[in-house]
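Let chain A serve as the given structure and place chain B on it in line with the hints.
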Amino acid sequence: MSDIIRYEAKEKDIVIIIDRDLCKGCDICVQVCKQDGLKLVDAPDKWEGASVEMINPELCNFCKLCEIQCPDFAIRVLRKDEEGTITIGKSKKTSAEQ
Amino acid sequence: MAKAAIDYLYYLRADKLPHMWCPGCGIGIVVKAMIGAIDDLGWDKNDIAVISGIGCTSRAPGYLDMNTLHTTHGRALTFATGVKMAQSTKHVIVISGDGDATAIGGNHFIHACRRNIDITEIIVNNNIYGMTGGQFSPTTPYGAKAATTPYGNIDPSFDLVELAKGAGATYVARASVDNGRMMQKLLRDGMEHHGFSVIEVLANCHTQFGRRNKMSDAVTMIDWIANRVVAKAKADKMTLEELEGKVITGLMYQNKERPEYTDEYDKLIERVQAKTSAKAGSGK
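Residue numbers (my numbering), protein chains in the order written: chain A, 1 to 98; chain B, 99 to 382.
Where hints are given, some of them may not hold.
In silico DSS-like cross-links for lysine-lysine, where the CA-CA straight-line distance does not exceed 30 Å [claimed, not checked]:
#, chain 1, residue 1, chain 2, residue 2
1, B, Lys365, B, Lys188
2, A, Lys39, A, Lys12
3, B, Lys283, A, Lys80
4, A, Lys46, B, Lys114
5, B, Lys243, B, Lys344
6, A, Lys39, B, Lys335
7, B, Lys365, A, Lys34
8, A, Lys80, B, Lys114
9, A, Lys64, B, Lys243
10, A, Lys64, B, Lys373
11, A, Lys34, B, Lys344
12, A, Lys64, B, Lys330
13, B, Lys354, B, Lys344
14, A, Lys34, B, Lys283
Quick caveat, the hints were computed from the structure, so don't treat them as lab data.
The shape of chain A in the complex, shown without the other chains (with noise of 0.2 Å):
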């Protein structure tokens, strides 16, 4: 099973999704997250000793500078609808099964 920890701006409807296992800790989503939100902790069970979490995921601001600076592909931004899914691709996922 991959290790995905999800956070959620529940005023905002927005969902941050990090996957563990894909993150390498490199420090660069920290860099570039203007709301200071994201941090770096040590991971003693990864081979580089690093990962990322979200400080307080209410600081988002929905700018994804952070997925798209991952080289990784570990950190997705995604937004809620009105019924509360998201809408990934062309299948239409509910925000439980992500």
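Positioned in the frame of chain A, the structure of chain B alone reads:
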């Protein structure tokens, strides 16, 4: 309803992830921008052929769930030319590194530019041969240290944009990994362009280039790139003194007038077939 989020995993061979590139390697950002550009264009992934040579960059097709070819060093464009000539309706994308495209494959590169065949070439310029141990490449800056230039490089470096333009490419652009959004736009326009498109992407190799030049982590090296680049629109308003040491990014050159090679080839076939069938008809 906002535009649906890109399904990266649809375009990737998810079982191959995480990829083999170093933490923070810019090639991952390029692959992501490439997927974004393909998604923007709405191309079917089965109509795309991604071809690469040898090097770190050339591992990209291994992660892309499309028609992919991992070929010999520097020869990606020759295989790509073959694919395009055989299946001219398909989209052919070549992803290669600076050494692969302009040193070992330099000859193929200039002649693909000259022919103006409808291929998109993405050159990930990380200033060094990353995979083989950090030897200097034709784009290593003057004075920079590499495994084979421990006292500093004395070779002047290639300006890939001028090289491509001079050789006859009809879409030439330069992007950088510090601005993924701009890269995605330039890649999309380049893929859409009918003719040979070259997109040079300034990327970071902090492991081989950065470590020898006091930039040993990804963030420092991407900052170094970000401080060097100037967008074309801004650069047009700057003086030559202000542009000293800067690299201009953006769309550098586009020519929609020059005939494309596979179109010309189809015309040639039509012309010769009409001639021979007329001859055969009159002979009877």
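Do the hints match the structure? See the list:
1. B:Lys365 <-> B:Lys188: Distance of about 18 Å is within 30 Å: holds.
2. A:Lys39 <-> A:Lys12: The given pair, whose Cα atoms are some 21 Å apart, holds under the 30 Å limit.
3. B:Lys283 <-> A:Lys80: holds, 25 Å
4. A:Lys46 <-> B:Lys114: holds, 18 Å
5. B:Lys243 <-> B:Lys344: Holds, at about 19 Å.
6. A:Lys39 <-> B:Lys335: Roughly 38 Å separates the two Cα atoms, so the pair is violated.
7. B:Lys365 <-> A:Lys34: Since the Cα atoms of Lys365 of chain B and Lys34 of chain A sit roughly 54 Å apart, the hinted pair is violated (cutoff 30 Å).
8. A:Lys80 <-> B:Lys114: The hint holds at about 29 Å.
9. A:Lys64 <-> B:Lys243: violated, 35 Å
10. A:Lys64 <-> B:Lys373: Violated: Lys64 of chain A and Lys373 of chain B sit about 58 Å apart, past 30 Å.
11. A:Lys34 <-> B:Lys344: holds, 25 Å
12. A:Lys64 <-> B:Lys330: holds, 24 Å
13. B:Lys354 <-> B:Lys344: holds, 28 Å
14. A:Lys34 <-> B:Lys283: Holds: Lys34 of chain A and Lys283 of chain B sit about 22 Å apart, inside 30 Å.
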